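Build out the structure end to end from the sequences listed, making use of the hints.
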Amino acid sequence: MKASIALTFVTLCASAFSTPLGLEKRRNLERTVYPNYLNPIYKNQSSTAFPTQYTATINYDPSSTGNEVRMLVGFDIPAGVGTRCAIKFALPPKTQGGYPWVVSGTGKLDVYQLAEPFTNGVTNWNNKPARLTSSPQFTITQTTAASGGPASMTGTVIACLDGQRQDFEVVVTRPGPAKFDWFG
Numbered sequence: 002m003k004a005s006i007a008l009t010f011v012t013l014c015a016s017a018f019s020t021p022l023g024l025e026k027r028r029n030l031e032r033t034v035y036p037n038y039l040n041p042i043y044k045n046q047s048s049t050a051f052p053t054q055y056t057a058t059i060n061y062d063p064s065s066t067g068n069e070v071r072m073l074v075g076f077d078i079p080a081g082v083g084t085r086c087a088i089k090f091a092l093p094p095k096t097q098g099g100y101p102w103v104v105s106g107t108g109k110l111d112v113y114q115l116a117e118p119f120t121n122g123v124t125n126w127n128n129k130p131a132r133l134t135s136s137p138q139f140t141i142t143q144t145t146a147a148s149g150g151p152a153s154m155t156g157t158v159i160a161c162l163d164g165q166r167q168d169f170e171v172v173v174t175r176p177g178p179a180k181f182d183w184f185g
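Heads up: the sequence shown is residues 2 to 185, going by our numbering.
It is possible that some hints are incorrect.
The calculated lysine-lysine pairs, modelled on DSS-like cross-linking and capped at a C-alpha distance of 25 Å, are [stated by the list, open to error]:
#1 Lys180 / Lys44
#2 Lys129 / Lys44
#3 Lys95 / Lys109
#4 Lys89 / Lys129
#5 Lys89 / Lys180
#6 Lys109 / Lys44
#7 Lys180 / Lys109
#8 Lys129 / Lys109
#9 Lys89 / Lys109
#10 Lys180 / Lys129
#11 Lys180 / Lys95
If you're looking for bench data, these hints aren't it; they were derived computationally from the structure. For clarity, every value in this text was computed on a predicted model and none was experimentally measured.
What follows is the structure, encoded as structure tokens:
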């Protein structure tokens with residue numbers, strides 16, 4: 002079982018508040034899309050671009066300059082799935098023989114929507130796209146770091162780009178420190 006970061010499309014309708022999201026799939030109240038791209042960018046290798054990865058590492062320690070690692074996460078949004086969405090994050094239970102995911106430090110990540118898509122294998126720390134806003138759209142808090150499970154999320158539902166690419170930059174919430182490492 003692997004960890005997941007996902008974009009969930011939420012369609013609000015009259016019955017949305019009386020029916021738990023995810024249970025009424027026939028009404029398309031919730032639909033999940035997983036990322037096509039997990040691209041790391043390294044501050045200490047600022048001009049090096051990396052292709053999409055199967056694992057994700059996000060790291061920041063204010064006492065060690067230059068070691069920051071961020072993730073660019075890209076979603077190809079299918080046409081017709083909805084126009085409102087939110088980020089979800091969950092780690093699987095730790096099992097023997099599974100990928101040894103790690104969450105340490107504050108357990109908090111900020112998620113910023115990017116103003117334009119990044120380019121797989123070309124985008125690096127120095128040429129990453131600008132953030133859409135100066136404040137994060139979502140904050141992930143993994144309080145169950147010892148056992149896994151769904152993370153606590155703060156933020157609002159955002160507009161999704163129906164039938165287009167939508168990208169995010171995931172960083173350690175300041176002041177840190179924190180480290181996340183998982184199999185995506």
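Hint-by-hint comparison with the structure:
no.	hint	result
1	Lys180 / Lys44	15 Å, holds
2	Lys129 / Lys44	11 Å, holds
3	Lys95 / Lys109	19 Å, holds
4	Lys89 / Lys129	23 Å, holds
5	Lys89 / Lys180	18 Å, holds
6	Lys109 / Lys44	19 Å, holds
7	Lys180 / Lys109	9 Å, holds
8	Lys129 / Lys109	22 Å, holds
9	Lys89 / Lys109	13 Å, holds
10	Lys180 / Lys129	21 Å, holds
11	Lys180 / Lys95	17 Å, holds
The earlier numbered hints are all upheld by this structure, with none contradicted.
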